[in-house]
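Same order as they appear, the protein sequences are chains H and L.
When the first sequence is numbered by my numbering, its final residue is 213 and no position is left out of the sequence of numbers.
When the second sequence is numbered by my numbering, its final residue is 233 and no position is left out of the sequence of numbers.
No lab work stands behind these hints: they were computed from the structure.
Just so you know, these numbers come straight off a predicted model, no measurement behind them.
A portion of the hints provided could be inaccurate.
One-sided and incomplete, this derived list gives chain H residues near chain L with beta-carbon spacing under 7 Å [unchecked claim]: (1) T52; (2) P54; (3) R55; (4) A60; (5) Y64; (6) T68; (7) F72; (8) R73; (9) L82; (10) C157; (11) A159.
To spell it out: a stretch of chain L is covered by chain H in this simulated footprint if at least three of its residues, at any positions, have a beta carbon under 8 Å from a beta carbon of chain H; those stretches are [to be verified]: (12) 129-142; (13) 145-156.
For each residue, glycine too, the CB sits at the ideal point set by N, CA and C.
The lines below spell out each chain.
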Amino acid sequence: MPDGYAFTDLTFPQDRSVLEGITIRVGRNESVALFGPNGGGKSSVMRVIAGTVPRARPLADVAYLPQTPYLFRGTVGSNLGLGLDARESERARELATEMDVGALLNEPSGAISVGETQRICLARTLASTAPLLLLDEPLAPISAAGRPKIVDIIKGCTADRGLLWATHNLDTVRAFADTLIILDGGAILQEGPASQVIASPANEQVASILGLT
Amino acid sequence: MTFLWDALREAVGYLAEFGPELRGIIVLTLVVSTSATIIGAGIGVPVGVWLAQARFRGRRAIVTIVNVGMGLPPVLAGLFVLLLLWGEGPLGVLELLFTPVAMIAVQSMLALPIAIGVTLGAVSALAPAAAEQLRALNLPFSGRFRILTREARAGVLAAVAAAFGRVIAEVGAVLIVGGNIAGETRVLTTAIVQETRQARFGAAIALGVVLLVLSLIVNGGLTWLQTKGEADA
């Protein structure tokens, strides 16, 4: 992968009010967390970079986990390999086993829970060899007890590539974000090393978003 | 009332006889309608899937044309194909007028917008999360087509059923380009018109019953596939 990515002047096609032409940088081996309230622009950043918004193309070779996990008709196993080559599919099976959903592969896709669906979608995304991972709230549907293990697995899959992820949870930011970007109203309010941003919010608004006031 | 009983008795006799003329009409009806449905849906379903996913300038105009096409008067389609295939027309040299090929061509024209429009509606109605996940996978069209037709299976089968229903029940266009020639281009609908004009109501009723039964069989099969798809989900 390149040493890093710089996505400049990010806007939502035909609607600049969603994202105010912001710049997002993700380095190799760097975990960049997007943090902000609902509607703040986190998912829009992901979608614009992944090229899933109307009339857009991916801005880089990415593996993207959307905010709402979804499995198509068929078996769980048939969904796990979608878009992956043989080697990646094998890796996805290994990851599914590590995430405790390996036994579900022969089940109909509609028969598993939201949390299990998220683990399958996450396994598929992490198994991709794309140099940049985009994970939109990867831990949201996963129970608190199961999160530390999933965090460890995600960390293990990010070596030598970049990770941009969105979250509402400050504990997971502390757990594995190198850089923290505070987003609200489609604008960046503050960015910097995660520990520094948490320790020294730029203003009351950032502190409030972080839940520190 | 006597006249009705006579017609019904005549209809039963016509069906019981199941003569070569009736058999020929049924076979030609099935060949023409099935071929037109296969052509119309074979082109229309992929186009509908593509149109549901694509975003480009002029898309709305194309969707409008498809919607207008769904209500295209069959006689207009018949007239258009007739002019194309007429002796001095652009395709007159092919000498296809008043043949089953011309009938299949015009019915394919009628089936196509229905297959496109119903498929477009079915795929567009999928959950936003499904559409986002599919875009996230960044698959080639063949992969997206396979997933979307499976995901919207009931709607796609409804598109095929609607296309078949349109063509098997159609009379104006096939009458214009086929000519209702006995033993050559006479299908169930045009035969019903013919028998009714000649006041042979018994035969007309019998042909109508056969038409209903054929429609029931084909749509029953498609409905079975639809519900099987729901059970497999």
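Of the numbered hints stated previously, which ones are contradicted by the structure, given in increasing order?
Result: hints 4, 10, 11 break, sorted rising.
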